[in-house]
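Asks: Using the sequences and the hints, build the whole thing.
Number of protein chains: 2
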Amino acid sequence: MGKNLTKRSEDYSKWYNELVIKADLAENSGVRGCMVIKPYGYAIWEKMQAELDRMFKETGHQNAYFPLFIPKSYLSREADHVEGFAKECAVVTHYRLKNAEDGSGVVVDPEAKLEEELIVRPTSETIIWDTYRKWIQSYRDLPILVNQWANVVRWEMRTRLFLRTAEFLWQEGHTAHATREEAVAEAVQMMEVYADFAENFMGVPVIKGTKSESERFAGAEETYCIEALMQDGKALQAGTSHFLGQNFAKAFDVKFANKEGKQDLVWATSWGVSTRLMGALVMTHSDDNGLILPPKLAPIQVVIVPIYKGEEELNAISERVDPLVKELRSKGISVKFDNRDTHKPGWKFNEYELKGVPVRLAIGRRDMENGTYEVARRDTLEKETIKGDEVVSRIEYLLEDMQQHIYKKAFDYREAHITTVDSFDEFKEVLENKGGFVSAHWDGTPETEETIKELTKATIRCIPLDAKEEEGKCVYSGKPSMQRVLFAKAY
Amino acid sequence: MGKNLTKRSEDYSKWYNELVIKADLAENSGVRGCMVIKPYGYAIWEKMQAELDRMFKETGHQNAYFPLFIPKSYLSREADHVEGFAKECAVVTHYRLKNAEDGSGVVVDPEAKLEEELIVRPTSETIIWDTYRKWIQSYRDLPILVNQWANVVRWEMRTRLFLRTAEFLWQEGHTAHATREEAVAEAVQMMEVYADFAENFMGVPVIKGTKSESERFAGAEETYCIEALMQDGKALQAGTSHFLGQNFAKAFDVKFANKEGKQDLVWATSWGVSTRLMGALVMTHSDDNGLILPPKLAPIQVVIVPIYKGEEELNAISERVDPLVKELRSKGISVKFDNRDTHKPGWKFNEYELKGVPVRLAIGRRDMENGTYEVARRDTLEKETIKGDEVVSRIEYLLEDMQQHIYKKAFDYREAHITTVDSFDEFKEVLENKGGFVSAHWDGTPETEETIKELTKATIRCIPLDAKEEEGKCVYSGKPSMQRVLFAKAY
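Sequence order for the protein chains is Y and F.
Under the UniProt record's numbering, the final residue of the first sequence carries the number 491; numbering is consecutive throughout.
Under the UniProt record's numbering, the final residue of the second sequence carries the number 491; numbering is consecutive throughout.
Derived by calculation from the structure, the hints in this document are not laboratory data.
Careful: at least some of the hints might be erroneous.
[What the hints assert, rightly or not] Below, simulated DSS-like cross-link-like pairs (lysine-lysine); rule was C-alpha separation at most 27 Å, straight line: (1) Y:250 <-> F:87; (2) Y:331 <-> Y:259; (3) Y:113 <-> Y:87; (4) Y:331 <-> F:326; (5) Y:331 <-> F:331; (6) Y:434 <-> Y:234; (7) F:134 <-> Y:355; (8) F:208 <-> F:409; (9) Y:14 <-> Y:355; (10) F:57 <-> Y:22; (11) Y:113 <-> F:87; (12) F:296 <-> F:309; (13) F:259 <-> Y:57; (14) Y:14 <-> F:134; (15) Y:331 <-> Y:309; (16) F:57 <-> Y:348; (17) Y:336 <-> F:98; (18) Y:259 <-> F:348; (19) Y:355 <-> F:57; (20) Y:87 <-> F:326; (21) Y:47 <-> F:234; (22) Y:259 <-> F:336; (23) F:489 <-> F:409; (24) F:259 <-> Y:344; (25) Y:22 <-> F:255; (26) Y:453 <-> F:98; (27) F:409 <-> F:434; (28) Y:57 <-> F:22; (29) Y:296 <-> F:47; (30) F:259 <-> Y:309; (31) F:489 <-> F:234; (32) Y:134 <-> F:409.
[To be verified] Rough simulated footprint, nothing fancy, chain F against chain Y, three-plus residues with beta-carbon under 8 Å: (33) 65 to 71; (34) 92 to 105; (35) 112 to 126.
For every residue, glycine included, the Cβ atom is placed at its ideal position computed from N, Cα and C.
Replies: Below, the structure written as C-alpha cells:
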C-alpha cells in the first residue's frame, strides 16, 4: 500500500512538495506564485488561527481591518521600509476593463488609469500609521493594541507552497505606545506568545533571539524572532516581532500629548506569523508515510475504520461505535467514523496515515467478538488492542502523549544539531555535512556576515536571547567578539 | 448630554454616516472608497462570522482559500460574468517599483510589466472553477461544498461605509453538484440559512424571493435573495444565493463521469453575504441616541458603571460587582465593568448608549445601601431598580426580550410598509410619500422594469417565494400578469 511519496532521505524538497499536495493541504493555482489552500489544509490553519487569536485577545489585543491597497506615496515615507518592499510590489494601475476591438476578450481600459498607483499591501505599517494619526491625540488614547488577519502580497520570484508564495495569509499586530519601554515590552511579549504557540500547540521547539541588522525588518530598530529547525537541517524563521521605535510615527506625523501636556512621537511595534507556519508544521514532524500532526491542531483527532462484509455487519459495528463517537465528542475530541463503502479499509488506513490523523481505531469481526478495538498511533505507528471500556481513556492518553512525544523528538533533533565551532573550516564542514545551527563568534559587522553568506549560504538566524557573554574571536575575521550567534542555512 | 447626532427625521443618510463613525464602527481611509473597520465594528463582524461559519459547517460546508488575483483571460470565459464585472475591476499590471530618477520617491518600474494583467477578485467563480476542474473527475468527487472568507474589490464610483465600498469583506460559498436538482436545493438551502441568520441573530426580518432577470447575478440562471427594509423606507439586499446552472462548468470545462460512466457537465451554486450586513444592522434598529444592537451580536452585552467619589467607595462597589461579573461571564454573557476614573458616569452612559450596549447597570451610594442596581435597557431606554439577588435573572430576561423586541419592532414596521397597489399613480404616490415595498403586478418584461426604474427609481427587489398566483394587469403596461412582485427604492 505505497503512498508513492518520495523518501526524505532521497530528496527532502521533493518529499515536502509531494506531501503538501497528496495530503490535500494546498496546490498551485493558475496564478503564478499563488496557492490554493484546500479544505484539509485550511482546517489546520483555522485551528492555528483560533489558538493565536485567543492568545492575542488574552494579552489585550483587538482585531480590526485596514485597506488592501496602499497609495504608492505612503510607501516612500519611511526610507528603509520602501527600500525593503519596492522590489516585490504588485501594483494596481487601472480600475476598468473594456471589450477588445477585435472581439478577443477584455483589455485594460487606458482611460481608466489611476491618478496614483496603488500597491497591494506587502505589510500594513504605512496604511495603519496613516490611520493612527487620526486615532491618537493624547496619552489617554494609548496604548493601541490592534491585530489584523489578512492576505498580503510579495512578488517573490521563486515560490514554494506555504513557505514562500506571492500571496499569503497572515496576522499582523500593530501597536502604539507612549514610551519606548512599553513598546519594547510589547514586542518581547509577542515573541513569547509566538514561542508558546509554536512549542505547545505546533510541537515545534524554537530558539528566541534578535536579528542582526541586515536581517532586520525594513523599518525596525530591533527584530525579535523565533527560529525552528527542519528535519533536513535547515532553519526556518517561524515568527517575528518588531520594535519599530518612532520611525513610523515620524514618517506619518503621529504625535500625542503626554501627561505633562508636551507633544511626543508615538512608539510602535508590529508582529506577524503567516501560513508559512503550515510549512514548518509539515517539515518538523512528518515522515515518509505522510503527515504527522500535533493532536492539538489536527482537524480530525480520531478516525474509526470499520472492517466488515455486508450491511448487517456494518450495522452491528455502528451500534457499538456510535456511543463511542458521542462520548469522544462530548469530551471535545473530533472524531470521524468512516463507514463509506466506496473505499476498502486498507485504502482508508493509507489515507489517514498520509493525512496525519493522530489516532486510528479499527474494528472488525474479532474485535466485535472480544469487545475490543485495534488502536494505532500515527507518530510511532504502534498498534495495540484495547478493551472497549478502556478505549476512551486510552485515546485521551495517546493524544496527550503524542503531543509531548513529537515535541520531544523535534527538540532532541534540534539539540543534536546545534554545533559549537571555533574555526571557519569547522564552520564550513558542519554546514556541509551535518547541517543545523552553528554557534560561532562573529565580529558584529555586516561585511563579515555578507561574506560568510556568500561563501557558505548560511545566514545569522539570530542572536539568542539566552546567550552568555563569552570572550572569543570571530570565526571568519578573527576580530574580537563577546557573544556567539547562530548561523544556519535557512528556508 | 447630546451625542451631536443628526436626527433620522432630519437627514437619514447623514445620521447613518455620523453614527457609523461616532460609534467607532468604521471610517474612511486614505484610499479612495476603502474603509477602515475599527475594533468595535470588527468585533460585531467577528460575531456575525462566527455564527455564519457555524451554520455553514452544520450544513456540511468546509472553508478553503483561493487566490486574490484572477488572470484577465479567466474573466472573459463566461460572457455574462465578464459583462457584469469588467467595468469595476482593479487591475494589477506591474510587479515592482523603482526609485524615481529625480529622487522624488518610487515609480512603477516599466520593465516589470506582467505578461497578463491580473484582476483583484470581484468574486471568485472563475478562479474557483478553474481549480474545480482538477478536483472533479467522477460523481464520487461530488458534491464539493466549499466556502471562503475573503476580501473582494469592486471599483464603485460612489461609496458609503459598509453599504458600498471598493473593498469589502465577505464569504462566498461555491458548490459543485452532480444534478440540477441538488444544486437548486443547495441554493435554496443557503438562502434559508441567510434568512435564519438575519432574523434570529441580526433581528432583521427579511423577504425571501428570486430576482428578476435583469437583477440577477452575472452568470446565474436564478438568484435567490433576502430583502430587508430600512427605517427610511428603502430596501436593502442582505444576501444572495445563485443557481449557476452549468455555465461555469462549460466555461472552464469541468466534467465528471456519472454513475453510468458518461461524461456530464457539473452543476454549480454560489452564495454570499458581506460587511454590507453591518450597514443593514445599523440602519434597521438604531435610533437618534445611537446604535441598538441585537444582544446576540453585541460585543459587550452588559456594562456596569460605578458612581462613586474616591477610591474607598470604588473599592466597596468593586467588591460587590466582581462576583456579579464572574457569574455573568460563567453564563457566557460578555460584561464590561467600566471603573475608569478618567471619565464621568454621565459621559459613560452616553458612550454606551451610542455604542448600543444592550444592558447598562449603574451602582451608586443608594444602591450600595439598598443592595440594588439601576438597570437600563438600550432599546426602550427604560430604567428599573433591581435587587442584587434578582439582577442576573433580570439581565438574562432582558437580553432575550430585547432580541425579540427589536425584531418585532422591525417586523411591524416592515409589515406596515408593504403596500398593495393597482394603478401606476398609486404606485408613484406610495413610493413618493410612504416608501417601503410596493406589491404590484408586472408584465414580466425587462423593458417595463427599466421604464419603471427610470420613472420612479424603484427596482424589483424580488419575486417573493410565498407569492400567491393571482390574475391581474401590469401596473405600468396593463398587460396580463399572474403574480405580484415587490418594488422598492433600494440601497
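Asks: If a hint holds in the structure, say so; if it doesn't, say that too.
Replies: Hints versus structure:
{"no.": "1", "hint": "Y:250 <-> F:87", "result": "violated, 39 Å"}
{"no.": "2", "hint": "Y:331 <-> Y:259", "result": "violated, 51 Å"}
{"no.": "3", "hint": "Y:113 <-> Y:87", "result": "holds, 22 Å"}
{"no.": "4", "hint": "Y:331 <-> F:326", "result": "holds, 24 Å"}
{"no.": "5", "hint": "Y:331 <-> F:331", "result": "holds, 20 Å"}
{"no.": "6", "hint": "Y:434 <-> Y:234", "result": "holds, 10 Å"}
{"no.": "7", "hint": "F:134 <-> Y:355", "result": "holds, 20 Å"}
{"no.": "8", "hint": "F:208 <-> F:409", "result": "holds, 19 Å"}
{"no.": "9", "hint": "Y:14 <-> Y:355", "result": "holds, 17 Å"}
{"no.": "10", "hint": "F:57 <-> Y:22", "result": "holds, 24 Å"}
{"no.": "11", "hint": "Y:113 <-> F:87", "result": "holds, 13 Å"}
{"no.": "12", "hint": "F:296 <-> F:309", "result": "violated, 34 Å"}
{"no.": "13", "hint": "F:259 <-> Y:57", "result": "violated, 50 Å"}
{"no.": "14", "hint": "Y:14 <-> F:134", "result": "holds, 21 Å"}
{"no.": "15", "hint": "Y:331 <-> Y:309", "result": "violated, 31 Å"}
{"no.": "16", "hint": "F:57 <-> Y:348", "result": "holds, 23 Å"}
{"no.": "17", "hint": "Y:336 <-> F:98", "result": "violated, 53 Å"}
{"no.": "18", "hint": "Y:259 <-> F:348", "result": "holds, 22 Å"}
{"no.": "19", "hint": "Y:355 <-> F:57", "result": "holds, 21 Å"}
{"no.": "20", "hint": "Y:87 <-> F:326", "result": "violated, 52 Å"}
{"no.": "21", "hint": "Y:47 <-> F:234", "result": "violated, 41 Å"}
{"no.": "22", "hint": "Y:259 <-> F:336", "result": "holds, 26 Å"}
{"no.": "23", "hint": "F:489 <-> F:409", "result": "holds, 21 Å"}
{"no.": "24", "hint": "F:259 <-> Y:344", "result": "holds, 19 Å"}
{"no.": "25", "hint": "Y:22 <-> F:255", "result": "holds, 22 Å"}
{"no.": "26", "hint": "Y:453 <-> F:98", "result": "holds, 26 Å"}
{"no.": "27", "hint": "F:409 <-> F:434", "result": "holds, 18 Å"}
{"no.": "28", "hint": "Y:57 <-> F:22", "result": "holds, 24 Å"}
{"no.": "29", "hint": "Y:296 <-> F:47", "result": "holds, 24 Å"}
{"no.": "30", "hint": "F:259 <-> Y:309", "result": "holds, 23 Å"}
{"no.": "31", "hint": "F:489 <-> F:234", "result": "holds, 5 Å"}
{"no.": "32", "hint": "Y:134 <-> F:409", "result": "violated, 37 Å"}
{"no.": "33", "hint": "65 to 71", "result": "holds (count 7)"}
{"no.": "34", "hint": "92 to 105", "result": "holds (count 9)"}
{"no.": "35", "hint": "112 to 126", "result": "holds (count 4)"}
Checked against the numbered hints given earlier, this structure breaks hints 1, 2, 12, 13, 15, 17, 20, 21, 32; the rest are met.
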